[in-house]
Amino acid sequence: MSESSPTPDPIHSDAFLARLMSGQLKLSIACALCFIVALVALPLLNYFQPEFMAQRVYGFTLTWLILGVLFFPFVWIISYVFIKRSIALEDAEAKAAQDGLKK
Amino acid sequence: MSTLLAFLAAAEPATQGIDPWIAFFSLITVVITVGMGFWTAGKSKSAGDFFVAGRSVSVGWNASAISGEYLSAASFMGVAGMVMLNGYDALWYPVCYACGYLFLLLFIAGPLRRFGAYTIPDFAEGRYDSPLFRKIAVCFVLFIGFFYTMPQMKGAGTTLAYIFPGLHYSVGVIVVGAVITLNVALGGMKGITLVQAFQYWLKVFAITVPIFVIAAVVGHYQSHLEANKTAQETVAAAPAGIERKALPAKAPKDEQWIAPFGSLTTKAVDTAIKAAKTPEEKAALEANKKPYSLLYTYSLIIALVCGTAGLPHILVRFYTNPDGVAAKRTTMWVMILIGVFYVFPPIYGVIGRSLTPELYDAVGSKGTDKVVLELPTLLAGRDYPLLGSILSGITCAGAFAAFMSTFSGLLVSMSSALAHDIYGRMLKPESSPEQRLKAFKWAAVIIGVVSVGLGTQVEKLNINYLVGQAFAIAAASYFPLLFMSVWWRGMTMKGAATGMLAGGLLALGSIFLTTLSDVYGFAGLADFWVAHPLLRILCEQPAIWAVPLSITLMIVVSKLTAATIPADVRMKMLVLHAPEALGLKQEYIKEHEGLGGH
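Protein sequence lines correspond, in order, to chains S and U. Residue numbering for the first sequence follows the working numbering, starting at 1 and increasing by one per position. Residue numbering for the second sequence follows the working numbering, starting at 104 and increasing by one per position.
Check the hints yourself; a few may be wrong.
[Said to hold, decoys possible] Partial list, computed: chain S residues near chain U (C-beta under 7 Å): (1) C34; (2) L39; (3) A41; (4) E51; (5) I77; (6) S79; (7) A88; (8) A94; (9) D99.
[What the hints assert, rightly or not] Mimicking DSBU-like on lysine-lysine, the simulated pairs with C-alpha atoms at most 35 Å apart in a straight line are: (10) U:K469 to U:K370; (11) U:K544 to S:K95; (12) U:K563 to U:K385; (13) U:K563 to U:K531; (14) U:K380 to S:K26; (15) U:K238 to S:K26; (16) U:K380 to U:K662; (17) S:K26 to S:K95; (18) S:K84 to U:K675; (19) U:K675 to S:K26; (20) U:K332 to U:K353; (21) U:K393 to U:K597; (22) U:K332 to U:K469; (23) U:K377 to U:K238; (24) U:K597 to U:K392; (25) U:K541 to U:K469; (26) U:K348 to S:K26; (27) U:K469 to U:K238.
What the hints contain is simulated information worked out from the structure, not anything from laboratory work. Ideal placement from N, C-alpha and C gives every residue a C-beta, glycine not left out.
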């Protein structure tokens, strides 16, 4: 098939591809944003609120506790949510495309 | 194996004071690793088996294997050493090593797997229908690979020099390099998957068990952190019973060590302040210290996070998942497995600062990089002589597992690039599978020899630092390539190649400049860094400018050459993004076979 002659087949239409990619990209970017905000914010907090971040929490300094321990579970949560949604999204896409073919 | 034993026996008289337990555990690790390699060698027959394990590895095995391969000498020894040396700032390394995986999962893992190609060069060629681009990509696999093998070799040299006091650093590098190269040449990746999975669990055991015992005897993570006073505290609030040895002059002060923006990120400015002549100059530099330090931190984060998403030997493993959903599940497990691991190495660094401060004074293979190996022996001085030796033996075994598994993985991916891409596709496309298999073995030997040669050159550099550099180059070359190729239809081969080459080579060049002055002592360059601390930071951590530069170049050049967008880009994008249930991949392969393949 060539780029210039769009076929009526819904799977090979530009609209289907655009919808597919934008759905996936939106999900990925939303998850990435949670993570990027945390990565950008922590150095900024260290920079502007050094005393607050240096307070002791169970012997750790607050910032050490966040970076050395709490960051890992935080990322697990993001990835868990992403995988759940991404698999659901793919199932929905596949179903929608196959239904479209039957028509 | 017998050659190694003979070598060890010959080395015996020269190396007095070998702890039998330490040597025993290390030897067991090597024997099991090599034994599994040989055992599975008989099982892997076809070329497909050799390259990606027949693509039939289950999620649990594959996740353990990826984690095993990923947790390198840098993670096992380097992170602890760097936390001990630099404190808080070094925590970014383990965090970003683990979190970079998220980027891989979010943007790259699924699509790449659906596209289905053995290696990155396969992807580069398949996406742009360009054999030329394959050649460029192959060169980069080798480049980044060699950069990443150097710290593994440093880990090997350091560990062997610890087990056999008196043994020269480079002898350790040569012995370990030879054993692993032999193992890979005989076993291939099928063997490696099993071995890597086993080694993940060995490493977790080796990092957790000793530290629990040590903490039970000498005091906990938090207690030793409390022994370091912050800038707000006038006296350290260490709980009773926490022992602390006096810090040597070389060690960073408590307030700097425990707080962000410490010795790692302010080194360039500190050096300049020391050299400053007038008080005004000094004051100006002092004012810049913290902003520059923030810049360093962000650049490091970008390098580590994007670099993880672009490491070739990690990416190739995604093809061993049976489908895209499995590839995603695997990444989830990898993140949990490595995240759990990375909580522990900093504890060695923190307790090491209290109890083995003499390491601050040593350089090269005797410095803080060996704190993981050294710390357990403290128990010997506290009425547990046997326990100390056994635990130190266990951490040595973990260190062996660490550099052996990562080096094996790198060797496989680099040898595949040489055998599968350069030999099989460029030099001799008509070669038979047997010839390619033979080429793979020879490629492993050649790359092993080069890596050992490079490894002997880096004794002075910090393990973790070296890995960070490899990540920065990957972040500026592969990450933009993969990310943009997967998500932007308008990319052309010329745009992709320009961005990848410019980003990667400029990052490589600037890192090389810092290495020139740090390792080979180029005086003129060192003076230049003192005069321009900001440039020094930007060269040492190039990701903050190199990654955007690479992406910008890709966009601009692609727009200029928009006429050369691959004709069937829509089909390629569908294969990358459509759920596998739709079977587009098979359709795509048929179409290409109809055209005579590529």
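Here is what the structure says about each hint:
1. C34: violated, 10 Å
2. L39: holds, 6 Å
3. A41: violated, 12 Å
4. E51: Check passed: Cβ of S:E51 comes within 6 Å of chain U, closer than 7 Å.
5. I77: For S:I77, the interface hint is violated, since the closest Cβ of chain U sits about 11 Å away, which is over 7 Å.
6. S79: holds, 5 Å
7. A88: Cβ of S:A88 sits 11 Å from chain U, so the hint is violated.
8. A94: holds, 4 Å
9. D99: Violated: closest Cβ of chain U sits about 12 Å from S:D99, beyond 7 Å.
10. U:K469 to U:K370: holds, 22 Å
11. U:K544 to S:K95: violated, 46 Å
12. U:K563 to U:K385: OK: U:K563 and U:K385 at ~30 Å, within 35 Å.
13. U:K563 to U:K531: violated, 41 Å
14. U:K380 to S:K26: The hint is violated at about 54 Å.
15. U:K238 to S:K26: Given that 35 Å is the threshold and the Cα spacing comes to 34 Å, the pair holds.
16. U:K380 to U:K662: violated, 50 Å
17. S:K26 to S:K95: holds, 20 Å
18. S:K84 to U:K675: Measuring from Cα to Cα gives roughly 25 Å; hence the hint holds.
19. U:K675 to S:K26: holds, 20 Å
20. U:K332 to U:K353: holds, 18 Å
21. U:K393 to U:K597: violated, 40 Å
22. U:K332 to U:K469: Holds - the C-alpha atoms of U:K469 and U:K332 are around 27 Å apart, at most 35 Å.
23. U:K377 to U:K238: Violated, at roughly 47 Å.
24. U:K597 to U:K392: The given pair, whose Cα atoms are some 40 Å apart, is violated under the 35 Å limit.
25. U:K541 to U:K469: violated, 40 Å
26. U:K348 to S:K26: With Cα atoms ~53 Å apart, U:K348 and S:K26 exceed 35 Å; violated.
27. U:K469 to U:K238: violated, 41 Å
Hint compliance for this structure: hints 1, 3, 5, 7, 9, 11, 13, 14, 16, 21, 23, 24, 25, 26, 27 are not met, and every other hint is.
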